[in-house]
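**Student:** The chain contents come next:
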Amino acid sequence: MDVQVKETKELVMGKPNLEVFSATLQDLAAGDQDIIVVTSDSRGSGKLVPFGQKYPKQMVEVGIVEQNLVGVAAGLASAGKKVFAVSPACFLTARALEQIKNDVAYSDNPVKLIGISAGVSYGALGTTHHSLHDYAVCRAINNLMVVAPADNVETEQSIRLAAALDRPIYIRFGKKPMPFLHAEDQTFEFGKARMITDGKDLAIIGTGETVHPALLAAQQLEAQYGIKTSVVSMHTIKPLDTELLDKLSARGCPILTVEEHMVHGGLGEACASYLFQKGCTNKFRIMGIPDEYTVTGSQVEIFDHYGISAPGITSVALDLLDGNFRMVKK
Amino acid sequence: MTDRELQQKSVQLRKKLLKYIYQAKAGHTGGSLSCIDILNVLYNRVLNIDPDDFKNPDRDRYIQSKGHSVEALFVTLADRGFFPESDLETLCQYQSHYIGHPTKKVRGVEQNTGALGHGLPICVGESLAAKMDHKSHRIFTLLGDGELPEGSNWEAMLIAAHYKLDNLYAILDYNKQQITGSNQEVMNTEPIKDKVEAFGWSVKEVDGHDLKALEDVLNNGPFAEGKPNFIIAHTIKGKGISYMEGVLKWHHGVPNEELYAQAQKELDDLELAL
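Those protein sequences? They're chains R and X, same order as listed.
When we follow this note's numbering, the leftmost residue of the first sequence carries the number 1, and every step to the right adds one.
When we follow this note's numbering, the leftmost residue of the second sequence carries the number 1, and every step to the right adds one.
Keep in mind the hints are simulated off the structure, nothing from the lab.
Each hint should be verified, as a subset may be incorrect.
[Unchecked claim] List time: in silico EDC-like cross-link candidates among lysine to aspartate or glutamate, alpha-carbon distance up to 16 Å:
1. X:K105 with R:D108
2. X:K104 with R:D108
3. X:K164 with R:D34
4. X:K131 with R:D34
[Unchecked claim] Where chain R lies over chain X, by a calculated footprint (3+ residues, C-beta under 8 Å):
5. 41-53
6. 98-111
7. 243-257
[Unchecked claim] Covered stretches of chain R (in silico footprint by chain X; criterion: 3 or more residues with CB under 8 Å from a CB of chain X, positions within the stretch not fixed):
8. 97-105
9. 245-258
10. 279-286
Since the model is a prediction, treat every value here as computed from it, not as a measurement.
Backbone N, C-alpha and C define an ideal beta-carbon position, used for all residues, glycine too.
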């Protein structure tokens with residue numbers, strides 16, 4: 001269905017989550033010498049140059065050796081350091097996957113694995129630099145939490161909570177500025193999704209940078225069709241907030257998931273696995289990157305190409321609602 | 001413990017590890033026998049550890065990279081008092097904590113290992129943390145020669161030299177055989193000494209079955225200030241059992257009843273002769 005979309009509500013634009021991550025780390029390091037950042041020649045792309053200048057003794061550069069980035073981080077964490085291992089998500093969760101599985105998760109060394117420039121953030125640099133497999137592989141590893149914060153608030157809170165967390169975690173985010181999706185004073189905890197809007201006709205569950213287009217679609221659905229949508233930021237993909245899924249499912253409304261990840265093994269399949277094993281009969285659709293090499297383009301162009309956009313999500317939502325709506329205005 | 005008692009312990013540990021491999025009908029026999037003297041010296045003469053205070057942050061660390069020789073580690077830890085030796089009756093049995101590789105579920109084990117090329121990078125992290133905290137404890141790992149080609153080992157060597165980690169000791173159990181054949185046939189790593197030195201480490205070679213020589217080398221580091229320490233311990237796969245020494249099939253071969261009895265008799269005789 002071809003849908004014309006106009007933004008109905010201006011969102012306040014924030015910074016790239018990457019910059020918030022870096023600023024939060026500096027703040028944490030100011031009061032805690034045990035905060036250690038390990039980088040694989042990634043301090044520039046990780047916006048960590050100021051951190052390195054300010055806290056040189058708390059930064060360990062290992063060079064371009066992702067396996068050792070994680071192995072060394074595991075050793076530092078085992079010795080009591082609060083270690084953030086930072087590398088582009090594509091390399092971190094592929095090149096170093098065995099170290100993540102064994103040295104971090106299996107050995108229970110509480111490393112904070114930070115996948116930067118995640119998903120298709122690198123745009124036209126192509127498949128080698130995209131991480132569209134990371135939710136799937138990290139979900140399949142025992143004792144590893146998987147988090148994709150949506151906005152600056154969620155990013156800052158994720159980093160603060162991760163610093164104090166005594167178990168392994170993988171956090172990934174992109175590098176483009178993100179709008180504020182909700183008030184700063186909302187509580188944040190891992191495993192507890194955040195309702196951005198609450199509507200009974202439809203639920204759109206996003207994670208990371210797809211929550212924004214989900215919210216824009218929801219605004220349009222209401223403005224044009226009077227459809228009331230719940231937009232959820234499922235920032236923690238593992239463990240899933242099953243309580244909220246139960247609540248949404250009980251409403252009987254269609255459920256649509258949107259992720260910056262291949263449609264296999266990510267947020268959508270995690271939600272589907274839970275819901276359908278519970279016997280839920282809600283209409284359900286997974287939106288993400290299909291099982292193909294992505295089209296060339298910027299992150300936004302790739303999103304648009306695959307419908308991870310306000311018009312794309314709106315179109316799928318209307319299809320799911322199967323005519324159970326009426327046009328309220330053009 | 002006298003030097004003679006230490007020598008007797010090496011024989012006793014061999015008897016024990018063979019017993020548990022025989023009972024479990026599984027294990028890495030040849031490699032456990034090649035590294036048991038190194039473990040005996042580490043745990044009884046080198047490592048500053050206390051089984052009653054195992055988590056003391058100032059303890060020396062030992063992380064076994066060649067995790068498959070777990071039987072050698074388990075019998076040494078039991079002998080040192082980390083857990084009752086009778087626990088090993090369950091080795092590799094259904095629901096046992098005592099699996100075929102080192103696991104932290106077993107008291108005294110520092111890290112879960114088994115996949116090759118993982119021990120040294122973790123030790124680099126431990127050594128860096130010790131340097132950051134101005135602590136004087138040492139970090140030891142045992143590498144198998146078969147795992148030496150893993151790229152992660154050479155990455156870790158670069159990092160250790162870059163950060164001048166002279167508190168780090170990597171011991172190579174150089175029995176010169178791996179599952180498919182000799183190192184030379186499978187993947188030639190020689191000249192190891194030259195390569196490791198070129199990576200910025202200080203290297204010493206030692207007879208890996210000479211307890212006194214091992215003790216002298218391991219307790220007299222760093223070999224050069226600011227350089228990580230690499231010890232090439234020349235060993236014999238299957239050491240101590242006549243029919244196993246240097247014979248490839250004992251990499252993970254398990255003796256039958258007759259050969260097991262023969263092995264124990266040879267070790268009994270050896271112990272009596274000491």
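**Student:** For each hint, tell me whether it holds in the structure or not.
**Tutor:** Okay, the hints, checked on the actual structure:
1. X:K105 with R:D108: Holds. X:K105 to R:D108 sits at ~11 Å (cutoff 16 Å).
2. X:K104 with R:D108: Holds - the C-alpha atoms of R:D108 and X:K104 are around 9 Å apart, at most 16 Å.
3. X:K164 with R:D34: 20 Å, violated
4. X:K131 with R:D34: 13 Å, holds
5. 41-53: violated (count 0)
6. 98-111: Held - the segment 98-111 of chain X has 3 residues with a Cβ nearer than 8 Å to chain R, which meets the minimum of three.
7. 243-257: violated (count 0)
8. 97-105: holds (count 4)
9. 245-258: violated (count 0)
10. 279-286: Check failed, 0 qualifying residues.
Hint violations for this structure: numbers 3, 5, 7, 9 and 10, all remaining hints satisfied.
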